Structures are given as structure tokens and as C-alpha cells.
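**Student:** Residue strings, one per chain:
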Amino acid sequence: MNENITDPIVIEAIDVHKTYNTGTVQVHALKGVDLRARKGEMVAIMGPSGCGKTTLLNCLSGLDEIDAGTVTIAGTDISKMADDRKTDFRARQMGFIFQTYNLLPVLSAAENVELPLIVSGVRPREARQRAMAALETVGLGDRGNQRPNQLSGGQRQRVTVARALVNRPSIIWADEPTGALDSATAKEIMDLIVDLNEQEHQTTILVTHDPKVAARCHRTIHMADGLIVREDDQATMQATAASAGVL
Amino acid sequence: MDELFGLSMNIIAAVSVALTLGIFVILAWFAFRNPVMFKQGLRNIPRRKTQTALIIFGLMLATVIMTAAFSTGDTVANTATNDIYDLLGEIDEYIQWDAESNPAPEDQRVIPESELQRLSGEFADDPDIEGFMGLSFENLPVVSPRTNLNESNALISAYDPAESGLFTDGIKVLAGEFRLGGNAIIINEDLAEALDARIGDTLELVFEGERVAVVVSGIAEKSPMTGAFDIGSADQPGGAIAVDFFREVTGRSDSLDIIIVSNTGDARGGLDRSSVVEDKLTPALEGTPYELVTLKDDGIRFVKLASSFFTTFFVVFGLFSIAAGVLLIFLIFIMLAAERKPEMGMARAIGARRRHLVESFLAEGMGYDLGSAIIGVIAGIGVTYAMVAIVNSTGDSGLGLNLRVSFTLRGLLVSFCIGVIATFLIITVASVRASRLNIVSAIRDLPETKPINPEQATWFGYLRGLLNVMAAFGFILLFFVLSFRVSPIFQLLMLVGLVGPFIYVLRGTNFYLPREERLANGRVPLWPFFTIIGIPFYLLALLVVRLTRDRRPSSAPLWLMVVAILVPPVGIVVAALQDRERPIAWGAGMGAFGAILGVVLIQWGLDSDGAFFFSAGVSLVLLWAGTLLRHFRIAERASMTTVSALVLVYWYSPSSWWEPLIGELNGDFEMFFLSGITMVAAGTFIITYNLDILVPIAARLGSRAGRLVPAIKTAAAYPLMARVRTGLTIAMIGLIMFALITFSTINENFVQLFLGDDADGGWDVQVFTNDNNQVDDLAASLDAAGVDTSPIVAAAEARWTGFGEVEFKDPNFDPDKDDPEDEYLGYPLLGADTTWLETNTFSIKFRAAGYATDEDVWQAIAANQRLVVIDQQVALGGGDGFGPSSLFTVDRELTEGFEPFTITMRDPGTGADTELTVIGQVDDSSALFFSAIITSLDTLESIYPDASTQAWYVKLDGGTDSRAYALTIESALFQASAESFDKLIDDQQAASAGFLLLFQGFMGLGLVVGIAALGVIAFRAVVERRQQIGMLRAIGYQRSMVALSFLLESGLVALSGILMGLLMGVSFSWVLWTFGEVDDQASGTFIVPWVQLFVICGIALLASLLMTYFPARAASRVAVAEALRYE
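Listed in order, the protein sequences are those of chains Y and V.
If you're matching positions, the first sequence starts at 869 in my numbering and goes up one per residue.
If you're matching positions, the second sequence starts at 1022 in my numbering and goes up one per residue.
Just so you know, the hints here were simulated from the structure itself, not pulled from any lab data.
All of these numbers come straight from a predicted model, not from anything done at the bench.
Just a few of them, taken from the derived set where beta-carbon distance is under 7 Å, the chain Y residues facing chain V:
1. Asn926
2. Leu931
3. Asp932
4. Asp952
5. Thr955
6. Arg958
7. Ala959
8. Phe964
9. Asn970
10. Leu972
11. Val974
12. Leu975
13. Pro984
14. Ile986
15. Val987
Ideal Cβ placement from N, Cα and C applies to all residues, glycine included.
Just chain V, with the same shape it has in the complex:
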């Protein structure tokens, strides 16, 4: 894996290692400067072993998730690259007929031997090319008379054994020897397994009905030299025979299908010369109808991209868990700070400065941090093994690979460093927060008194908050100044601070233009960065403030504050002269800063058509409104609830509602994370600001619970008192539950849509025949083979063209901008006979005008030449997961009663164009097995006679076992490969379920975070409430009631998070699905997998209660007399 989010992993590694080293240097400096405080921090670590264990556990999760994500990427990359090296061996490139530039019938797309001789001669002494060899192949059925087994499609490679040493010497021989000549055949391991073949067996190759005997001389591993070309395909039966014998069997002349090329160097080393060889061979092929394919290089490039996709997927979804982990770490350190408060107060009383406390706390925190990062990396490796095992057990990783766990030192190092850095940042914030204590309150362990801010609820205070936030952010933003080149005019404008850039922006932006014109230059504008780079001027202010902090202030009027914010040089002076002892409304300042950032993001989103930036901007602006109202003490509950509700309203509103205002914005799955974070934050605000309404309702509901009433009463009372803890925990659990519920619900809807039982179109068995041995009448052939055909209700013939075999003219092609090669794009064409068209059960999602029923559409296709229906992929397009789609897509979205329109198909054999008329879009359920443009068999044969892939679709009567019947067909017809749809759908569903399980397991790591938070809080509560527990026990609370009270309290908090996640997840999924937000292709009835969701919620609640059980038990066992005596 070389990239993450488009950034080079080497750069990420270098930066993260540098930052980590920087952290170590800072810590070493602290230890050197004040060893006593440093030691005090470190010695706190072993004081409470259970708590230490819990903290390390909580802190390590971010590292675990990063390690697992990176290692999965590395595993996919390494497995795939090794598979490519193993499969291709010495073959680096090959030369083939260039059908794109030189249309020709398929049987003429061959290379004469003379071309091989020419190239061999021309490059005989080339230092980069080791050799060439010609290769021919055919797909043939192979029958084993001894075992009575057959394989309908085995790729048989043929070459000259005398010339093949370079390419075959490295192939591992599993049995016999690698000897070709006469009728000897080397078979690969897959064919050997399919036929249960042994050395010396006589096999029969079937070519156009004729059987030719061959003798197995060797069984070898898979390679193009043994009939296996596909990178990433698990099952590739094939073999190799001598080219002379091949020509004898097939009657072919001395033509070759491809010429393979080996670069100088071994299997891996040869790859380095790939581009050099390409530079040499491409000119050599100029003027010929042939082209060079850099097979190994392309394959390696693809798997690297695929592994990046895997890593990005897990990192993005891991962000939910990491976000929850960040909250947990913060919570843990709030708790630790509370515990250490008396000690810190004492230290301050005897002369320790605030920074000493920060250093001591940092020393302790980093002790946990380092321990947890190391354990996290180890645990992450364990999680990777588990994930890989799950992927492999599903039988389909999406890449057809049998994954082998693999790590790179770089990946592990980055995970470790990111864990250390993230935790360090959070601990620093928590430490600074903890160090701000009132000495007397701290020593007596009394609640911290909040200093009164006389500027609260005033505009002056608000502006001063903003001024200070600007100053604080200055140094961060310096980065941007250094990162971008700024024009001289802009530098001048920066002198007038924020006003200048905004004037510049308003003058320069084309925001008011229609979307098409706005995007005319086609690139994301960088000005949003520029608008804020005026702020670094405040860095200087920060320094001046630092140097002059003991000066007493002169007061500044409100107008001067406004000018100070807008004009940096004035701001420097005002910030420097302000009263340092007066509390600053940081929240208000952050809110205003957020608002500015929000507006910038909204604008950026509009300019770049990016939904992520637009939505983040809208959410930030709304949250700023919340802090504004709060600063001015406007009914906090009402204002925060309203603002949070507005955030939810924004996220719940389908993008189609916004489109008339803002145009169409694009978003990918990073939107899922943003929506989750924002919605859960809003939901948590609503819950915590209304807890005092919600909790008494819960308590009242329990007021008839007899002797449980006291437990319920106390359980309901505590979460109200500690809103921050309660809110953080609800957010953690809610966040993960939201992700789990949404993903599971959407996944289930996709499964129902694409993997439902109607995906088979009403057919029971599909039969593909060998290209060289096709079946004219399936039922008759089965009859002839003695198979009882009475269960067959219908047997329909269809022919397929593969991807790229025929192409369609891209209606969106722009000759001025696009690559000429992209004028025609590939998509399969399915020509079905009348039986198929009349019998299939697919409904037509949208019918063209003039077609009243689905039957009308199918009958018209059967009766008329050149009518087609398209499927959802052609209608709506969409990426293939690794970038923009390279498949053919029409230029319009279909609706019911659309006007029929034409698409143009090109036959690459002749270069002839044919117009086809679209009269419908088939139902989405066809996507799994019939992903094609569908027309009649007659049409296909008339416009593209080369369509060679023949398929039969069989409908059986109700009582027949389709799986057994498929096996019967396969054993009766050597050239047939039959599968029951029932089995195919089951396999697909199992693979989908396996992937869902993998995802749920991965997200489960995040749930562990939330549950750990409950444990941390509950353990802390036992310590904090020891005396209260003693009193309760003294006045008659049974042990069980104390324990129950703790369990109920945690249960209430967990349930709030779980219910929030469940409600938001389900409702959000409904919006996404119903309004086509998740995928344009998704539509249809929305399904909620309640059972699955309740199981997830049940597990979460049970795990929460289990986690709380231990502290609850500890609470119930508190020694009453001691608890009452000591605090």
C-alpha cells in the first residue's frame, strides 16, 4: 500500500515519525528540567492497577484500528503482488492484436510467426529484453475417461517446447515432469483437481465435437504457460500442449494469439524494466496492427490501487471508532484529573506552577500512551489475522485472493506514531484543562468554582473571544502561508486582514454564476485557504502577549475590538494590551471562528461541487449560532435544542430538496462519517440538554417497581449531575451504533435489491457451453445423453458478448477533451431467444412511451429488430469502486413513458456502427446475473455474428431440485458448465453476509470503546461515591440494591446511546434509500432488518451491563464503616 487519501505513505511515515520524535524530545526536556514532577507523574501509573489496565485498554484502540486498517491494506497488496509474481513468472508483457485501432473479425486477430522472428531478431542483443515467445490457445472441454469427470472450459496453451525454457523453467512441477511433445499435456493444478487426474492418465480434448486423446506428463502450478492468465481468479483449469500438436488438432496455421515478452531479470526484477521495454517495443510495433500490453506492471498497479481502496475503506469506517476513542481518552483524563485534584492542589500550594502540573500529567499520560501504543500495534496485528480469516472464510475477498497476512514495518510504524500523536494531543488539552484549578477547592476536593466573566453576554466579550481565538490559531495557519504562493496584490490585501481577502474573493468569485459556468475552469479554487492566511499576523500578537503579560491593561472600546479583528496590526496591539487576568470567552470566539470557517467551507463546497465541504460548512455555521446564543445566555436549553434540531433537519433533508438552490453536489462515503459525527453530536446535545425532562420520565415509569424504586431513583439521579460524562458516553455509544445500524440496514437493502430471490429472472439453471463445442438444442442434447428432460418447463438460448467485445458510442464523449480511445465504451450485450424474452420474470422499471405493459416491451424486442432494454448500470452509470466508470452509460435518466432513443453499437470486427433503440429499463434485480443490454438473439446475430458465448437458461418444474439437475446436466454434457441459480444466489448472499460480519466486527472495536467508557465512569463513580454508598448501606440499602443502582445507571446511559444510534441509523437509512442518496441505483421498498438490529442493540446493551457488573459488584462490597469514615 503506497498511498492513503492520495498522500504517499512514505510522506505520512516520515511526518508521523518526525512528530513522534518531537514528542519524545519534549518529554525528555520536561524530565531533564523538572525530574521530580516527571517522576511523580510516572509513579502514579502503577498506583491503581485495574484502572491502569482499563486506561491502557481504552487508549490503545486508536492504534489497534489504524494497525488493522494498514495491515489489511498491506496484506491485500502483498498477497496480490506475490500472486502476480507467482502466476506470471518471467512473463512481463505480451503483444496482441490491437482491435481498438484495427477492427477485424475475431478469427483474424492473430499474429504471424514472422512477427515473432522479426522481434526476436531485432532485440536479440537488447540488454533489457531477455526473450520472446509465441503462444496460441483455445478454450476446450477436457474429459477424463478414467474418472468420468469433465471440465467444460479449460484453457489450453500451446507453444514450442524447444523455445520455452526461459518461461517454463521457473514453474513448479507438482507431479511428473514438465515435458511437452507428441500428445503429451501438462495440466495445471486446477484442471488436475477438476478431473481427479494423475500422471499417465489419458484425457480427451474436445474440439468442435472431435475428441483427441492426450497423455498427462506433468501437473504444474498455474501459469500462463499452463493455461492460467487471470490475475486474481481462483479457479482456472488449463493445460499446455506442444504447438505442433495443437495445430494438428485445431487445424490452425502458423499464427499466434500473443507473443509473450520477458524482461531481463527475475520475476520481480524484470518489472523494473517494464517502462524501458515499453519505450522500446512500442515504436517497434508502430505501423503494425499489434500493441504491447504491460501485463505485470498493470496488474501490480491495480492491486496497489485495490489495497489502497481497502485501507481507505477501513480507515474511513475506523474513523467512527477513532472518534469514539478520542472521546474516551478525553473522558479518561478528565477522570484522572478529578482523581489527582487534591494532590495537584497540594503541589500548587507548595509552589508548583501550572506548567509543572501539565508536565507531570503529561508524563503520566504519555506513560500510558506509549504502553498502549505498543500493545495496540500487537493487538492490531491480532485483529488483522481475525479479519483476514473472516475474509478468507467468505470465499471471496472481492479480489478473488486467498489472503495471507502481511505487515510492513512502515505500516506498523505509522500506526504506532499516529496512536502516540493523537493521544499526546488529547492528553495535552486535558492536562492544560486539569491544571487550571482553584488550590483550595482542589485540596478540599470541592467542586471547582467557575470564575465570573463580566463580559459574558456582551458583544465586547464576544469580540474579545474572537480576537484571542484568532491569535491562538495564527501559528497553525502559518502553515498555509508557507504552503501556498500568494500573489503580490494579495499580500497587500492581507495587510487589511480579513477584510482584504474577502473583498478580493467577492470580486473574484463566480459564485453567483450558474453551475456549469462556475465550473468552467474545472478545478477546485484555492482561495478559501487564502482568505484565512491573513490570520498568521496574529502570531506576532501571541508573542507580544507572551512578552507583555505582566502589563496591566488599558481598556479598549468596542469599535476598537472590531477594528482589531479586521485589521491585524491593530489586533496585535489590542491583544498585547488586554487584561490577562480577565476570563476570555473562548467558546464564543471559537464559535465565531467556526462560523467563518463554515462560510468558507460552504463556498468551497459550492465551487468544487463537494457535498462534504458544503455540509460541514452548514453544520459549523449552525453550531456557531448555538455558541452565540449561549454566550448571550439566551435560554440555553431551548437554543441548543433548536440549533441541534436544525442540524438534524439539514442532514435528514434529501439533497434533491437543496438542488434547486445550490445545484448538484458530489459526495462519496466520507459523507457517511461526516453525517454520523454531526448527527450524533446534535442528537447528544438534544439528549443532554433535556436529560432533566427525560430522566424523571424514566424514573416515574419505574416508580411502581416496588423495592427497586430506590435503586431506580438513585440510578436516574446521577447521570443528570454529570452531564459531560453522560453526554460523552452517549455520544461514543451513539456514534458506533449509528454506523453499525446504518451500514447494516443499507447493506440489507442492497442484498434484498440485488441478491433477492428474483435476481434469477425466473430461471432455475444457467448453462454455459464451450465456445468450440456449442449445443444447438439443450433439451435434445440432454435427451440424447439419456437425461430425463420432463422437469424442464422451458429452455432458452442466449448469447453474450463480453466486456469490450462490442462497444457503444459514449454520448458524453467530447472530442476536444477526451481521449479518442474513449469514444466507444464497452458493455455486455445479451441476445436472448423468444423463449427467454417471453418466459423471464424481470419487470420493466421504466417503459418507453407506447408500451403499456412489460409484456409489450418483451414482445416488441422479440418481434422487432434492433430494440433493446438497458439495465440500471447503463441507465445511471456509477464508478466501479476504483475510480470513474469506464463502462458505457446513456446520457439521460429514464422515467416512465420516456421517449425511445437510440444508442450506437460498434462491431470491432468490422468497425461497422449499428443503431439500437432503447424502449425500457429492466428492473434492478437483473444486475447480479443479467448485467447487460438485452436484445433478441436474432438482432445480436444480425449485428454481431461473432458473439461466441452461448448460454442456456432452464426453467424447471416446481418439484425439481435445481442443484441436482445442474449436476446432471454437467455430467451428461462434457461441454456444459451448469449452475443452479439457487446456489449462485446463496453463494453471493453468503459472501455478502461474510463481508457484513467483517464490517460489524471491525465496528465492534468502536463499541468496545463506548463500553470501556461506561466501565471507566462506573469504576470512577465507585471511588467518588464511596461515602454515599456507605450512607445508603447504613440506612438500609441491600448490597444487591447498590449494585442494581449502578447497573441501572449505566444501563440508562447505554440505552440512551443505543436508542439514539438505532433511531437515527434507521431513519437516516430510510432517507438515504428512499431519496436515492446512498446510490442512484438503489430504490424500491425500504427494508429494516429489525431482527439483526435488535441483536446488535442487545449485544451492545448486554456488553455494557457486563462491563458495569464489575464496578457495580465493587460498589456493593464497599465496607460500610470505612466508607463512612473516609472520603
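Extracted from the complex, chain Y is given alone in its bound form:
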């Protein structure tokens, strides 16, 4: 188990509010969420559709603005950062894994992986070496020149994982990373994420519907209607999954 109570808190969200204004209707997506995560911790966020899981992830990662509250990442309050600084901060400190991969179809796998390095100012030659190394890590060392449409779903998600890790971020945000995969491939990807978490010791926040995925995390947060309603540790989640016959 990686989590240790002495590890520093890397993510701290206090009383986070977020409302979407759709013109005629206001949707209160987050109604005062508090959350902390320590270095190296893997936290799953679960809940029914529309409960605010992805919104919380977006707000914590700085992809979306919050209306009230504070979000502190590695001691820095990102809720008050200007967009350009926040973008740079994201490039250096964070990696993202999305359900729909979000790879650039016009670039090869290696080019997709090296993008975060290039935007961080890494020299092209070094960026390519590190990208190939990251692809090697996820088992795609020989697929660097292939474009996304030449890869399977699992391979694409591996490229996404490589892209998320290539910059050695301190936090990985994963939104339904296995949502678009069959169960065998989903397991492979989760094995990869867990292995990398153990090796690299990043904090990983993961949104999922799948109890099996949540059971692989150190802690699971349950949300409903824009609020955190419960937290379970890994043992509880494993037991729950086992009783549901999914583990």
C-alpha cells in the first residue's frame, strides 16, 4: 500500500462550488465539496451519472473554473491563477487520461506522447527519446510511428497513459479511463496504472462507474447530487465488489 499518513497532502479542495448556467436553467454541479489527497494516493470518485464526478475532476485539475472555494495543488492555490500560469502549471505537474483517448489523429503515437514535453520547452530530440521510453513503458515501443487510427482501443489508451506519464507529473487525472474498453483490456490498463503508481508514486484521481476499478484504488469517494456523501477504503471496496460478484 502506497498511501502513508505521513505523506504530504498534494490536493486540497475546500468548499468547492460550481454552477453551470445553461441560459434558462442553473445546474448546481458542485455544492461545497471538500477533498484531500496525499502524495502517491490513488483515489477513485464514483457516483451516478450527473452527480458531478467529472466536474469535480475538471475543477480540481484546473480545466474548469470554480465559483467558490479553493483548490490547492502541491501548496499552490490554482483557483486564483491566471490562465497562462495555470496552463504551464498543468503542463509541468499533471497528466490526463480520458475515456475517449483524445489523441490527435493527425499525429503519430510518438508525436502525441511528446506533445506535453514540447510545450514544456523540452528539446525535440530529447522529447522524442522520452516519448519512446514512455511508449516502451506501456508496452508500445514498436508502435511509435503509427497513427491513432492504426491502433486498437487498448493501444490508444496505453498511448494516452504514456502521454500522461511522460512529463513525470505529480498528479494523474483519469476520467473513466476504462469506460470505452472491454473488460480484459480494462484490466490491462488498470494494471498498468496501478503498477506505474507504485513505481512513480504519483497521486492519481480517477473517475469511474466500475466498482472493480474503484477496488484497485486506495480510497473511494462516493458522490451524489454535487456532494461527497461517503468515503470507503480499499478493503471496503474490495469487499463490496466481491459481494457484487464483480471482483
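Using the hints provided, position chain V relative to the given structure of chain Y.
**Tutor:** This is chain V only, laid out in the frame that chain Y set:
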């Protein structure tokens, strides 16, 4: 404007309105049959307002261009016809001495008053002729002692005031009254302005040195009755005095110069009787030395022709923009189809048929179309106003008119209808294309999978493609069957399809004969149409296919397919029985059809000596080779690049290289359009098929750009993925840039050639003197007038004959074919004194054998009688813009060291012929001010003593201001009209620059099309790539970098088009100029106006980036979280 491309505008209007109504009926039928799908289409229009605005903007351009072209034509026609009616008033015809048939000295070419009385008596009660009147005139200097201003050449008309009411009552009097008698003079507005004259002023008419006082009784508008005859001449100072007083001043007897005729009816109504009156008066003049000139009718006819020329010019050049507009419309609808794909997939899933999608898409498209056609007409009117303002500001429209914008309902209607029809056709093609979607891919918005064609790369598939194309084209070609009468033997031959006509053609054609014999019958053969009319048999096949489409096929062997293509009845059966579910190689079929058409066009071009058809045929055959190679999957990049390169090689090769093979072919400025379209298409193919080589090079060049690298990387990657969009946009921009660059470059070379500083021949001032008051010695006269003549380095005298004053025997005249009146053709003859011949700086372009230097030529002319040099117009001929040249041309092309040869000049006064020997061709730069056959003054005076126009050419020392000195000469000598060459050249260059600006502005409309395309693509890309933008932002792309990436992407595409247009335009201009393709007369050093071209390119690039700025900004502002969540 009554005609366009030789077709009556009434017919064009009727056909286009009928087609437009047909389109409306089709749409109404769709709406009636399936209102829900129709409404769905219409309701899509207001969904994205910015996009709708952009689409309407893009679609309207074709209408704008057509409206502007038609309205310009109408404006020229209406302005000119109104000017003619205003100027001529009641005068419809006049009677003059017929010098052509009755040679006589100039002073004897008059009409006695008795002739006027005879005609007046004979036609006194004629219902078509209202009256006759005699008119005399002289060109005289007029001096105003009060203002000390003078006018050296005022045309003074003289007539009997008691008889003139019919002709003068309608003339507008601007001041005073229209009263003649005694020494009263009515002056026209131009003379009043030149002299700053007022009512009551005493003016002096100078006749042969004698000054006669006249008193201004009235100032009136211009009319022949106030000394203004020239239609289309802006400045015509003149006046009128009573005929008795005129005779007293000039000492002339009771002779008249002309008899003017007024037809029954007002200024406009009288014109309708012109031909009737001509039929009556021509016999009445039989046996007399006089002829009737239908002045008003001729003038109106000329301006109509001129306005057609204007319209045709703008329509031809507008075709570039319209072609770009067609590509844009197609692109817009490809984009729209992509956007609507999920909705269309859903509609198909719940039971909508393909035709429903087509109908819905058509409803949406036609909504945009109608809106854009209406706005296009309004915008076109605006563009016309702008163009007319530019033309007027140049001071010379080429017709000497101050244009007043004018529209005809017919012109606007045709523009509107053409816009609607063109857009409808393109939308239909795009709709059919869009409706062919895979339902699952469409709903999930995945890339469309292309069905595998098992017949790809097989001859069978190729032939089947051809068979189907033939069937599809059948109904179009039915038109030809109905249009031409076909001989019975031919009808029989048609039964064996394409084989029959070709046998007929091969047997009947005289293609293998030498060119002269080939053209013996002198008409364009119609057989190319006949060779393809066998194809309508396939129309029946199309119907059978339609009726039997659910039948399952039986397979046909390859030999049967061949027979089916060659023999229509078999083709009908095969087409009907083919497997409808199997993909058809349409491209291959179209290619083969293009090849057939290409061969036909080549043959037609050879038979008619038409470069347009020949070149179009060659290009089509080459492109067919491309589709052939593609069908057989032969290295697509290599084959398409090679074929495109061959097309370019063909167009770049000068026609002189082909002449030994195919003879000399004729082409006009429509070749410019054809070459542009074909070359840009070939260039675009080369670029798009090699983008994956070119783009990484660009990306590699930018790999050292630090933090910009990611932006460059993504910017370079996207154009590669969307080759169709990229290619279409490059083609649009390239097409317009090609036209702009080529026209600007060629124009600049013409300006340098004809309007260069050496056009003055080394002279600084030209002085024309009044015919009745000539100057024997300019320097002495100036001295006597107290002018300091020390700046004069040389003053040379020359005499000119006007057009038609002397004539030259046409060496190409054929008494059996040509009109006897055309045996002698006019051209000015310039007789220059020894000073002129020795001082002028014109070089001799080609010297005859025996003349080692230019000086030898000039000295020989000065020393010897009857030697001449000709200019480039006489040497090479060429049309005058409105048809074949009616000017004298020699029968040979001169080269250095040519053998001297003779030309024959006829004096119309005596009918005597004189032979002159040509010993050189003067440099082309003489064309602007010395367009004449040049000989010595002695020669001219000995062979044509009547040459009355005297000119002096003055060379000043270096420090003297020639403009000021010209004014000094004018004010010192009342009979002199002096102009500095410096000013004349400046004026000409300004007029040329104004016209260039007008053209560039007009072509700029096309550039707007290309730029709009970039905008359309960029806006669409923002929508399509929303999620990708979100991801880029998530992993650390700054907003600015996202925006920069979009800007760079558009910049790269725009730059490709711009550079292609620039390179092709400049290189093509060089070929045209250097090899004398653009004009036989053009030659000399080729100049590239780089600054002007870079400004054009810079504006194009800047405008492209500006257009992309807005979508780029929108991309940079995409909300990251939302973009990542939703597609």
C-alpha cells in the same frame, strides 16, 4: 447590351428565367410531397448565425460578379447611347462627298446648295423625313481679348438661322439666347470654358492670319449645331455662326460641307426610321458623287458593340472568380454535409430514404441560395458603382465617356437567375454526395468507409464505368440530336454507335491535308457534335435501368462490355442487367469520356484553327491518362504528379514549338481563362499529391522555433489529413492569384513597352497648329511673340495625314472574296523634316538589307524620295479590339536584314497611286505618339500635297520645364496647341494604372472567395476539433498557442496557393511575353513588377490571416472542460 458571347441577351434571359422557374417548381414539389424533410432543411438555416452569414457571403459572389459585369455593360451602353441622343438631337444622318468612289482634292469635296434644294423638294412630303439642312464648317483658332485666352482648334459650324429651327430648337441654351445673325456667335460649353467667355464678349476668329470679331450671343450645350461632332470625345470646343457671315469670313461660295437629315420623330424615335430613310436616300443620291452616312445608327451600333466588349471582358475575367466561387460553394456544402451527418444518419435509421435527405439538403441549400442571390444582386450594384467611380476617376474609360451607372431589369434578372441556377446545380451534386452515407458511421460521426470495388484495377470495371457514364450523359446529349439536322446516312451509322460516326469522320475528314487546304471551305465543321450524338441511345438504357433496378444481374464478359460501349442497342441491355449494388468506377468512366471528348476537341481545334479547343482537348486527354493510371492503382502519387507536370509542360511550351506539327492556331483572351484553370488544377494536384513531402519540410524548418514548435507541428499536420479541403482552398487562392499576377505582369510589360519614357522619341513638346493658320518657322514665330527660344535645342516640322486621308493598297486583298471598298486601307502617314529624322531617338527594330545602322535608315529617308519605315501595327496588324483590323498591314513579318519592298499609297484627291519602299520597322515604343508610316516631309508633300495637319516637335535643353514651356508656346501662339510629352506620358500611365486598379479590384472579389474558404474551413475546424483543442489545452497548450496553430495552418494553405499563383503567373507571363504569345507586337525585355506583386501577395496573405483570426480566437477560447466532455 444586347449580346453576350454572341448570344442574344433576350434569349439568355428567357432561358435563365425558365430554368429558375423550373427550379422553383421542383422545390415546391419537394415541399408538397414531404413537408417535414423540407422544413427540417429550412430550419437548419438559422441554427448557426455566423456560419449562415459566411455561407450566404460565399454563395453570393457568383451573383455579385455577374451583376457587376452585366451592369457595367449596361452602364457603358446607356451612357453612350444617351450621350449620342443628347449630342445629335434631331440629326439622324448626313450626306457628304464620297471620296472613296470619287477622288477629288479636299477643297473640292463640297456639295452645292442646289443639291440641298433638290433633296428638300423631292422629299418635302415624305412621311419619314422631317427635313434637310446644309452645314459648313472650319477649324479656326478663337481668341478672347478680354481674358487673353485662346483656343487653337475650335470647330465653327455655319448654317442658315432661318432654316435651322428643326435642328436647334431642342438644344439646351446655358446662357444668353440661341440667336444667330450678323457677327453673333453661339459657343458651346467647352469653348466657353476654354476662353472663360461670357455673353456679350467679343471674340476673334482667326482665318489665314486675319482676325474677325464676333460677339457671343449664347452659350449652348454641345451639338453638331454648335461645332461638336465627335461621339465619345470629351473636349470639343466649337461654336456656330450664320452662314452668310461665315462665307464673308472664309470667302467660300455657296457650297456646303454636309447636308444633315432629320427623320420624322424625336431624337430617339427618328432612329427607328434610319434604315427606311437610308433605303430612300441612297437611290436618290445615285449618280451623284455624294453618299449617305447613318450617323446616329452607326454610333448606337458601335456603343452596343463596345458595351458587349466591356461585359465580355469582365465576364471572362470574372470567370476566374466564379470558378473559385463554384469550388467554395462545393466546399461549403461538403462541410455542411459533414456537420449534418449524424442527423442525416438518424433520419435514415428511422426510415428516411436517400432522396429525402437530398430534398432536405436542397431545401436548406436553396434557402441560402435565394438569400445570397438577392443580396448578391444588391452587392453587385454596389460593386458597379465602385467600378464606375474608378473608371471615371481615371479620366478615360477607353470610350471617352463620363459613365453614369445604369441597370436594366433584364441584366439584373439574368444575374440573379444565373446565381440561383449555378448554386442549385452545385448543391444538387453536393446533396447527392452527402446522401450516400453509412448509417452507423453517420450516427456515430465516424469516418465514412469506402466500399471496396472488386472491379478496381480491372479492364472490366473500367469499361463498365465508361458504359455507365455514357448512359448518364445520354440525356444531356439528346439536346444535340434535337439541335442539329442529321443526314439519313448518318442516322444509319448512328445505329452502330460510336464506331459509325468515327468511320464517317475518318472517311470524311481532311485532317491529314495541309492547313490551307484543310480550311478551304472556311467554316468550322460540325461533325464533332455528330460523333457523340450516338450516345443518346443510352438514354433509353438509363430508363430501362431505372425500371429494372431490382433485378439481379447476370454477369457480362469483357468482350460484351466492349461491344456494349460501341453498339448502343447492346449497351442498353447490358446497362439494364448490370448489378446495381456493385460500385461503379465512375471516375474511370468519366476519364474515358473525357478522353473521347478530348480527342474530339483536339480534332475540332485543328479543323477550326482554334487554340482553345485544341488546348482543352490536350489537357483533357492528359487528365484522362491520370484517371486511367489511378484506376489501375499505378503509384498514384507518381502518376498524378507526372500527368499534372505534363499538363504544365504543354501550357508552358510556346505555340511556336507546336506550329511545325499542328500549324498556327488562333486564340483570344478566353485562352487566358483556360490556361489559368488547367494550370492551377495541375499545380494543385502536384501540391496535394506531394503534401506529405512538402509539409514535413516546412515543419522541419520550424523545428527550431522554440515554444512555437508544438503550434507548427499541429498546424502542419492537419492540412495533410484533409487533402480535399486543402486542395480546393489552394486551388481557389491559386486561381485568383494566377490571374492577378499574370494580368499585372503582362500589363506592366505593356506599360513599359508602349508607355515608357522613350515613347517621346527624344522630343519634349509637341505643337499642333490650326489648319488655317499654320506656322512656317516655330522658333521665329516664338521669337516674334517675345518668347525666349534659347532653351530650344531643336524644332522639327512634320505633317500628318489622318486615318483614311491617304490609303494603302492591301496586299492581301482578294478581288473575288473581298469587298472592293477594302482594296485600299487607311493608315496615317507622317512626313518629317530632316531635323526630325536626324534628331529623333527611336531605334530601328528591323533594318532592311544594305542599312548598317539606324542612322543609315533615317539619313536615307531624309535624302531619298519615297523611302519609308513602318511601325509595329503595320508590320504585324492585329485587331482594334472590336473585330478584325481595318487598318493597312503589310503581307510579311519583318526580320533583321529583310529585302526592301514596296507598298502602294493612293491619293484620294487624285486617285493617283505612288509606290513607297519600306526600309525598316521603327521600334515599338513609337506606337503611342508616332503611330504612322514615317517618311520625309519632302516625300509627303510631293506625293500628297493636301496633308494639312502640321505638327512641330521641340527638343529642349535639359534644365527646361517642358510642361511650363508648352504653356508658354500656347499662350504666345493663338494657333498652337502645345503639350509636353512628359505630361502626355504621365496621363497615359495614370489611365493605364487606373484600369489596372479597376481590374485588380474586380479580381479581388475572387480573392475574397478564396479567403472566405479559409474562414469556412477554419470555423468548421474549430467545431470538429473541439475535443482535441480541449486536450491540447489540458496538456499545456496556452490559448495563444492554439490560436497560433490555427493561424499557421491557414497561413500555410494560403501561402501555398499564393506562391503557386505567383510562381505560375510570373513564369507563364515570361513565356507569353518572350515568345510573343500574348501579342505579336509585344517583345523586348521582360519585366517583373516585383514590388507590385509582393504587395498583392502580401495583401492576400494578410487578408487570409485576418479571416482566420476570428476562428483562431474562437478556438483559443474553447472551454476546456466542456470541450473534453462533449464531442
